[in-house]
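Visitor: Below, each chain spelled out in residue letters.
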Amino acid sequence: MVRQTKSRIIEKNRLTELLDKLAQDYYLIAPVRDNNVSFRRVGSGSEVTLDYINPVLSPKNAFFPQTETLFRFSRDDSRGSGTEPGAEADREQVIFGIRPCDARSLRLMDMVFNGQYKDSYYLNRREKTTLIGLACFDPAETCFCPTFGIDPASGEDVDILFSDIGDRYLVEASTEKGAALLDRFAKFFAELRGDEEQLREARKAGLAGMKKLDVKAIADKMAPLYEGDYWESIGMKCLGCGICTYLCPTCHCFDIADVSLDEGGERFRCWDSCMFPEFTLMASGENPRPNRKARIQQRFFHKFKYFHDRNGELACVGCGRCLRYCPVNIDITQIIEDVTSGKAGNE
Amino acid sequence: MKATSEEVQTSVKKLFEDGSIGHFIGYETGSDSLHVTPCFLKSGQAASRLVWNPLCANNLSKYLLDFKNVEGKVGIMVKGCDSRSVVELLKENQIDRDKVFIVGVPCSGIVDREKLLEVLGISPAEVVAVEDDGDAFLVTLKGGTQRVDKEKVLRGECLVCKYPTPLVYDVLLGEAVSSLPWVGDDYSLIKEQEALSSEEKALHWNRELSQCIRCYACRNICPVCTCPECIFDKKAPRWITKANDVSENLVYHLVRAFHVAGRCIDCGECERACPMNIPLRSLNKKVEKDLLELFDYTAGIDVEQQPPLTTYQVGDLDEFL
Amino acid sequence: MQDSKEVQTEFKPKILAFCCNWCAYAGADLAGVSRFQMPTDVRVIRVMCSGRVPPELIIRALANGLDGVMILGCHPGECHYSEGNYLTRRRAHVLKRLLSYIGIEPERFQLRWVSAAEGAKFSAVVKETTDKITALGPNRWVDKR
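Here the protein sequences line up with chains A, B and C, keeping their order.
Residues in the first sequence are numbered consecutively from 1, following this note's numbering.
Residues in the second sequence are numbered consecutively from 348, following this note's numbering.
Residues in the third sequence are numbered consecutively from 669, following this note's numbering.
There could be a bad hint or two in this list.
Stated by the list, open to error - Straight-line distance between alpha carbons at most 25 Å, and here's what the computed DSS-like set of lysine-lysine pairs gives:
(1) B:LYS446 - A:LYS293
(2) A:LYS21 - A:LYS216
(3) A:LYS221 - A:LYS343
(4) A:LYS212 - A:LYS12
(5) A:LYS118 - A:LYS128
(6) B:LYS438 - B:LYS361
(7) B:LYS509 - A:LYS204
(8) B:LYS499 - B:LYS462
(9) A:LYS212 - B:LYS509
(10) A:LYS237 - B:LYS389
(11) A:LYS293 - B:LYS361
(12) B:LYS446 - B:LYS389
(13) A:LYS211 - B:LYS438
(14) B:LYS420 - A:LYS293
(15) A:LYS216 - A:LYS343
(16) B:LYS415 - B:LYS581
(17) C:LYS680 - C:LYS800
(18) C:LYS789 - C:LYS682
(19) B:LYS438 - A:LYS293
(20) B:LYS548 - A:LYS293
(21) B:LYS538 - B:LYS462
(22) A:LYS237 - B:LYS446
(23) B:LYS361 - B:LYS420
(24) C:LYS800 - B:LYS548
(25) B:LYS415 - A:LYS237
(26) B:LYS360 - A:LYS237
(27) A:LYS343 - B:LYS538
(28) B:LYS489 - A:LYS237
(29) B:LYS548 - C:LYS789
(30) A:LYS6 - A:LYS177
(31) A:LYS118 - A:LYS6
(32) A:LYS6 - A:LYS128
(33) B:LYS438 - B:LYS462
(34) B:LYS420 - B:LYS462
(35) B:LYS509 - B:LYS438
Please keep in mind that the hints were generated in silico from the structure rather than gathered at the bench.
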């Protein structure tokens, strides 16, 4: 159950105004429609779209950017060098419109970036960000978050949850950070009228048919599939592109590189993908994952076994992006079913 | 008439039985009734999985490169566009004609899933099947059937397709289609773009290319991207960094457009694969148009025709002086 | 003494010229020896043949911030390696149009034929190109320098 510290409502016609104010006071990231819907920095509420199920890229970019300067260096100090983060690391961020699946993914990312080794770049952004979630009542056919114990209508992993209950939004802050933001913008919100829970239950009817796969003991069921041919046909289809890994809210592999210009340069990190052939290529020329079968097998083992063995959680939130955008329609839900039903062992 | 899935299944089963093929690459139903996925068969036993319908967008010829060293012939299903990339692969000796058994299927259009859902105003869960019906698609829904004009819901590359019937094949399943009624000037969109000012063009492409996340799906799905080590994977020299700022993205897309120049046959897979909806076909179509105008060259038609940038004429146009 | 006011400087373009060893580079040499005056914004890179300049080099140069790139080679029919420049010619046609299509003005990429005896032509080409590109302004594609 979500520990609610504060509940309010906001009339739908006041939302744009609220977003305008948020955009003024914070670095506001919200869904924007362009070629498709993505999380972008917005300067005003009118840029925001609420007509989406889930943006194509997860909000992990706000904490773990695709390209991030780690430090700059120069021959003479006048150009600025050292490890001071740039101005962008100091900004207070608000992400509006994050779905419960993506919000859960941040907890999984925390296990990586705030585990044994603390990643200051990620943590700094994480601390400076307030998460405003948007409850999900009309999921896509590719969504399967209930599989991982995620309630699409719940704000467990966000600071504030907005729920569209018809003529207004129910606004629930479940952390101190969220409650503080509600106080700060109190003039936009009003007291509950009393029928909000009822309206929310009615809206939740749309979630009834959602895919909820059985992932009990999937980590153990993966183990015997390491040798064997199940992954052969999947590897044959796979193109070895980075779509699944780049769109995945929990994928976190990165590469580090230096760029040198005349008098200085920078070291940056950038997303990398285990699906790329040279991901495990060594300087000797040896590649322990030499073909697509080996690489795609590793991806599923990581998500459903290795991460689980290390951190106690499966590294998937059922957002369905990999399934939706895979150009050859590799279906993660089918693979989960094949593994847990034992069919994969018989191929 | 277009061949049915059953006809394809029967033919392929027979091909395995009489030893014509040892492997087959085709399509089977995917994650739901609006998706198909590539299917790899090693025997005729599972031939009943094969399908052939207006959802079969994938250009399977890319996978021929994986079968270069296998025992026995590999059979493959190709539409008109796919057969043209097979011609290009043959031109470059990437595949051996004697090791491939081409099952050609004349095609009268592949449906664009997003356009279909939008035009019919439905959700994917309502769809049961999509079938070809002359100048329309017949969509079977859970609550009945709907007929929708092809022109409204076709994939972009089908709207300008000049070769609906495969140009190379060992067997043809279904009636040959000579031309598609909706095809007009295939370069009208390119011409519109060309007419813009430099500033407008730069603004447009800067916007599009800054959305690129460099997933390389466009490169990996392209049947004529065949280099064992891609220029962008080379470490020495390193042509682009992994950073995805717009300059790196520009280099990637422009160089790729140039590298597939004279080989791209507009199958549209690059644009279909792109998760960010970048209009990639526009770049390649521009090069295609120029090659036609400058050197009277069309890719994927004639195995004997020399790729235009590997040859020359002494009297070639010279604007340079 | 720090002058913190931004001084308005005239735009000086950065232009690369790939010159083939046998004709264009020799022509550039001749221009120098003959003391022909020309702007100094063009940086010369010697290559053995204009045909060895791949499109990725031109594209990379423009993406790196160069305001213009030129290839200078032997006149068609006079290539030291017989055919190199014929291939350059075809390639340049396609590249020029592609660059123009994405908003890089066609004047920023030039292919010119300069023989070993054409010192005057070399300096004229350098002057003409520098003037044209100065008029166009900085390469707007690059957002970092």
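Visitor: Is it true that the CA of LYS237 (chain A) sits at most 25 Å from the CA of LYS389 (chain B)?
Guide: holds, 14 Å
Visitor: So if I understand the rule, the pair passes when the alpha-carbon distance is 25 Å or less; does LYS538 (chain B) with LYS462 (chain B) pass?
Guide: holds, 24 Å
Visitor: Could you grab the alpha-carbon distance between LYS438 (chain B) and LYS293 (chain A) and see if it respects the 25 Å cut-off?
Guide: violated, 29 Å
Visitor: Please verify whether LYS212 (chain A) and LYS509 (chain B) have alpha carbons no more than 25 Å apart.
Guide: violated, 46 Å
Visitor: Holds or violated: LYS212 (chain A) with LYS12 (chain A), Cα cutoff 25 Å?
Guide: violated, 32 Å
Visitor: Against the 25 Å threshold, does the CA-CA distance of LYS21 (chain A) and LYS216 (chain A) hold or violate the hint?
Guide: violated, 45 Å
Visitor: When you check the alpha-carbon spacing of LYS548 (chain B) and LYS789 (chain C), does it fall within 25 Å?
Guide: Violated. LYS548 (chain B) to LYS789 (chain C) sits at ~33 Å, over the 25 Å cutoff.
Visitor: Sort out whether LYS343 (chain A) lies within 25 Å of LYS216 (chain A), counting only the CA atoms.
Guide: Satisfied, since the Cα-Cα distance of roughly 16 Å is no more than 25 Å.
Visitor: Holds or violated: are the alpha carbons of LYS415 (chain B) and LYS581 (chain B) at most 25 Å from each other?
Guide: Within the cut-off at roughly 24 Å; holds.
Visitor: LYS118 (chain A) and LYS128 (chain A) were given as a pair; does the straight-line alpha-carbon distance stay at or below 25 Å?
Guide: Roughly 16 Å separates the two Cα atoms, so the pair holds.
Visitor: Mind checking the alpha carbons of LYS221 (chain A) and LYS343 (chain A) for me, to see if they're no more than 25 Å apart?
Guide: Given pair LYS221 (chain A), LYS343 (chain A) holds - Cα atoms ~11 Å apart, limit 25 Å.
Visitor: When you check the alpha-carbon spacing of LYS415 (chain B) and LYS237 (chain A), does it fall within 25 Å?
Guide: Holds, at roughly 16 Å.
Taken one by one, the earlier hints fail for this structure at numbers 2, 4, 6, 7, 9, 11, 13, 19, 20, 27, 28, 29, 31, 33 and 34, listed in ascending order.
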